[in-house]
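*Asks:* Sequence:
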Amino acid sequence: MKRVFPALLVAAFFTACGSQKESITEEKNQTNDEFKVISLSIESEKRKLSDMIESIEIMGLEETDEGLLSGVYGLSEVKGRIIFPSGSEGNVFVYSDQGKFISTFNRQGDGPEEYGRIQHLWIKKDTLFIHDGQRGNINKYDFEGKYLGQIKPSIKPTHYYPYHDGYVGDMNGRPINDSLKFNVVFYDDQLKMTGMKNPYKNVIPFPIVTTVNSLAPYNDDLLYREIFSDTVFLIQDNTVKPLLKLDFGTEYLWNDEEMRADGQKAMNSIEKSGLVWIFNSKVGNSKIYMNFNTSFSEAFWLLIDRNSESYYQIDNKKNVEESYAFAPIKWEGDVLLASLNSYDLAELIKEIGPGNATFKKGSTLESIESSENPVLLWVKFKDFN
137 MKRVFPALLV
147 AAFFTACGSQ
157 KESITEEKNQ
167 TNDEFKVISL
177 SIESEKRKLS
187 DMIESIEIMG
197 LEETDEGLLS
207 GVYGLSEVKG
217 RIIFPSGSEG
227 NVFVYSDQGK
237 FISTFNRQGD
247 GPEEYGRIQH
257 LWIKKDTLFI
267 HDGQRGNINK
277 YDFEGKYLGQ
287 IKPSIKPTHY
297 YPYHDGYVGD
307 MNGRPINDSL
317 KFNVVFYDDQ
327 LKMTGMKNPY
337 KNVIPFPIVT
347 TVNSLAPYND
357 DLLYREIFSD
367 TVFLIQDNTV
377 KPLLKLDFGT
387 EYLWNDEEMR
397 ADGQKAMNSI
407 EKSGLVWIFN
417 SKVGNSKIYM
427 NFNTSFSEAF
437 WLLIDRNSES
447 YYQIDNKKNV
457 EESYAFAPIK
467 WEGDVLLASL
477 NSYDLAELIK
487 EIGPGNATFK
497 KGSTLESIES
507 SENPVLLWVK
517 FKDFN
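Its first residue numbered 137, the sequence shown is counted upward by one per residue in this note's numbering.
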């Protein structure tokens with residue numbers, strides 16, 4: 137039986153002078169995109185989350201009778217709207233880019249126009265695409281939930297991400313093409329397979345599925361990291377090349393060949409070994425926001441500077457008994473988009489200093505505190521010393 141883990145387990149991201157600035161930025165990105173090994177350790181210097189933040193921009197998400205949210209861990213944006221799933225019951229919410237509730241729909245079910253489980257969601261033009269994690273198909277809807285059709289893949293991956301005029305898929309450890317066991321599959325816009333890349337050296341006998349997409353946008357391309365690999369790959373056109381190795385060395389469970397060979401032994405060791413067994417990394421142009429687990433419940437967070445390779449463990453405690461429910465969504469340049477519980481906002485603003493917090497049009501601290509919906513934060517972190 138495959139184990140399904142929620143997103144939280146594994147606990148979302150600018151004349152002559154202008155030409156000079158553009159050249160410097162381009163050079164910086166080129167340097168970042170050369171393969172690099174960053175050595176990490178479970179034990180590292182801690183810094184409070186608020187001490188690492190330079191500034192935040194805040195947007196509340198309006199609470200209505202229909203707009204009741206349990207969390208926001210991923211979203212898509214188009215034409216003044218933000219669209220995202222929330223909760224485990226198949227609800228999709230549509231908000232304005234000022235945080236005003238527009239609509240919601242739910243097409244979860246067993247019918248031919250419904251989805252069994254939302255694995256991933258994205259937008260192309262005026263169409264909403266939902267990857268049905270239960271059946272492996274991609275359903276198409278308009279923003280009101282009207283069914284527009286379905287695409288069935290020739291080979292069903294665990295994760296998809298749209299890329300150029302087609303898709304890239306991750307097979308998540310299920311062998312494909314006999315002994316080569318390719319894990320990255322390229323598709324056209326109708327999900328017909330056009331290529332395979334990145335064969336496994338070996339397949340870890342430890343069946344697990346997470347709701348965290350192993351594929352993520354990175355500038356105009358994609359990043360890919362197989363769930364038990366410590367290497368992040370860059371997908372450019374039809375090539376897959378290593379970009380980063382996030383190296384815990386002997387503190388990484390899967391560096392032990394015995395664990396790779398024996399799934400039951402690995403299962404028993406996860407809770408007892410104290411080693412990193414799973415992690416999720418949000419990779420930006422200059423920084424990486426990472427969370428990792430040393431058991432099924434013990435989680436840690438790191439902020440890593442890609443250029444200097446310096447990093448700090450993030451102390452997200454609000455007080456002795458409570459922690460900030462800070463959930464990274466994605467990098468937008470050097471700004472991390474994240475969500476936060478509304479009742480945590482006032483304390484976070486107090487800690488970083490009111491002068492370092494601004495509100496988007498239509499949002500106020502008073503309106504946010506009167507709502508139970510999470511808030512969206514655009515977070516600028518301080519430069520590393």
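Be aware that one or more of the hints could be misleading.
[What the hints assert, rightly or not] Just the calculated beta-carbon pair ranges, DEER-fashion: (1) Asp278 x Lys408: 26 to 32 angstroms; (2) Val214 x Asp470: 19 to 25 angstroms; (3) Val214 x Glu190: 25 to 31 angstroms; (4) Glu193 x Pro378: 31 to 37 angstroms; (5) Glu457 x Pro335: 45 to 51 angstroms; (6) Asp373 x Val214: 21 to 27 angstroms; (7) Val173 x Asp201: 23 to 29 angstroms; (8) Asp470 x Tyr336: 32 to 38 angstroms.
Because the hints were derived from the structure by calculation, they are not lab data.
Just so you know, even glycine gets a beta-carbon here, dropped at the ideal spot from N, CA and C.
*Asks:* Hints first: check each against the structure and report whether it holds.
*Replies:* Evaluated hints:
Aspartate 278 and lysine 408 have their C-beta atoms about 50 angstroms apart, which leaves the hinted 26 to 32 angstroms range violated. At about 23 angstroms, the CB distance of valine 214 to aspartate 470 agrees with the hint of 19 to 25 angstroms. With their beta carbons about 29 angstroms apart, valine 214 and glutamate 190 fall inside the hinted range of 25 to 31 angstroms. Distance hint check for glutamate 193 and proline 378: the Cβ-Cβ separation is about 34 angstroms, which falls inside the suggested range of 31 to 37 angstroms.
Evaluation of the 45 to 51 angstroms hint for glutamate 457 and proline 335 yields a pass: the beta carbon distance comes to about 48 angstroms. A hinted range of 21 to 27 angstroms holds for the C-beta pair aspartate 373 and valine 214, which are about 25 angstroms apart. Under the hint 23 to 29 angstroms, the C-beta atoms of valine 173 and aspartate 201, about 52 angstroms apart, miss the expected range. At roughly 34 angstroms, the beta-carbon separation of aspartate 470 and tyrosine 336 lies within the given 32 to 38 angstroms, and the hint holds.
Checked against the numbered hints above, the structure breaks hints 1, 7 and satisfies the rest.
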